[in-house]
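Asker: One line per chain: the protein sequences are A and B, in this order.
Just so we're aligned: the first sequence equals residues 125 to 210 in the numbering used here.
Just so we're aligned: the second sequence equals residues -4 to 257 in the numbering used here.
I should point out that these hints are in silico values taken from the structure, not numbers from a laboratory.
Keep in mind that the hints are not guaranteed to be accurate.
Taking lysine to aspartate or glutamate pairs in the DMTMM-like style, the calculated list, with each CA pair at most 25 angstroms apart, reads [to be verified]:
#1 B:Lys216 with A:Asp186
#2 B:Lys131 with A:Asp186
#3 A:Lys203 with A:Asp186
#4 B:Lys131 with A:Asp161
#5 B:Lys131 with A:Asp165
#6 B:Lys139 with A:Asp146
#7 B:Lys139 with A:Glu134
To give an idea of the interface, some chain B residues facing chain A are shown, with a C-beta separation under 8 angstroms as derived from the structure [said to hold, decoys possible]:
#8 Ile66
#9 Arg135
#10 Ala142
#11 Arg185
Beta carbons: idealized from backbone N, C-alpha and C, even for Gly.
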Amino acid sequence: MTTTKTNDIEAKVIAIVCEQLDVRAEDVSPGKTFTEDLGADSLAIVELVLAFEEAFSLKIPDNEVDNIKTVGNAIDYIKKNASGAN
Amino acid sequence: MTSADHALALPASLSLAGRVALVTGASRGIGRAIARTLAARGAAVAVNYSSREDAALELCAQISADGGKAIAVRFDVADPAAVDAGVQQVVAALGGLHILVNNAGVSIDALLLRANPDDFSRLLDVNLKGAFLCCKAAARHLLKARADGRIINLSSVVGEQGNAGQSMYAAAKAGILGLTKSLARELAGRGVTVNAVTPGFIDTDMTAAALQGEARAALIKQIPLARIGQPDEIAEAVAFLAAPAASYITGHVMRVNGGLLI
């Protein structure tokens, strides 16, 4: 995977987080947790996962969802698993 | 005047203009009346059916002739993959989904001592699991619709008060109420409302056999409004719950039964 592509993923993840959680891009960084820092409730987490799945054409299993607690976790997971996606 | 003109003439609080509705089991009976009424209020309607393609296509043609918009979508509500594909088809064809009406159902009546467990499984599959599967497939789209999102589940007066000879049907319809109230709590955070309508005895193909002769007369004696209801009278309640007018109503069970159960 090229650096450009991984940066693209990062930018896309942040854009989705902003849209789904109604937060500003400057407040989103890899260390931020979805629930405590960005104010997501359980339904918002589900919506966020669905949005990631749709955007990156992948399926995130429930047990993996439990491990995605921060923006960085999401970026890493998607980089690892979306290599074949567009 | 076309139904689109009527929709414009409606107060905004009752208009469904710009909304997409999916009505399951819409080719006949109460579902058919619901589809027609939602279309007349301005919604683009997906008419789901499982076997009666002729009736579904005829309904779509009728809605079009009245100036409305409708498409027929075939899927068995008890089949998870078919439900997912059907909902996808609706969203692709009509540009989203705002209103889900879970109406599809079968009626299998028997006294407990003669009831067949396979019949019970079939009845639960269609009447209860079917509604659950449609809610699940539609949920992500309804959440996107935010405060325009609506689920309206058709239960029954029988689910509230029971009926001798209808234990299987009543159990499924009571299950619908639990589903409705739980989803009302789950989806409320996004403004999506979830309500149930419990019809009393309504004149349809499904009830025609049971509502004949002396049985009909005996039943009417128990109904304060002294008559069997019409499908349009259920459709009016559903259209209200689907409308902006009902935005603060969720988890509610709306009785439309002529006073049979008060």
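Asker: Now tell me, hint by hint, if it's right for this structure.
Answerer: Each hint tested on the structure:
Of the pairs offered as hints, the one joining Lys216 of chain B and Asp186 of chain A is violated, with about 54 angstroms between alpha carbons and a cut-off of 25 angstroms exceeded. Between Lys131 of chain B and Asp186 of chain A, the direct Cα distance comes to roughly 16 angstroms. Compliance with the 25 angstroms bound is thereby established for this hinted pair. Simply put, Lys203 of chain A and Asp186 of chain A have alpha-carbon atoms about 18 angstroms apart, close enough for the 25 angstroms limit, and the pair holds. Pair hint Lys131 of chain B plus Asp161 of chain A does not hold up; C-alpha atoms about 29 angstroms apart against a cutoff of 25 angstroms.
Among the hinted pairs, Lys131 of chain B with Asp165 of chain A is consistent with the structure: their alpha-carbon atoms are about 19 angstroms apart, no more than 25 angstroms. Between Lys139 of chain B and Asp146 of chain A the CA atoms are separated by roughly 13 angstroms; this keeps the pair inside 25 angstroms, and the hint holds. Restraint check for Lys139 of chain B and Glu134 of chain A: satisfied, since their Cα atoms lie roughly 23 angstroms apart, inside the 25 angstroms limit. Interface restraint check for Ile66 of chain B: the shortest CB-CB distance to chain A comes to about 23 angstroms, outside 8 angstroms, so the restraint is violated.
Of the supplied interface hints, the one on Arg135 of chain B holds, with its beta-carbon coming within about 5 angstroms of a beta-carbon of chain A, less than 8 angstroms. Annotation: interface hint on Ala142 of chain B violated; nearest CB of chain A at approximately 14 angstroms, more than 8 angstroms. Here the hint on Arg185 of chain B is kept, as its CB sits about 7 angstroms from the closest CB of chain A, short of 8 angstroms.
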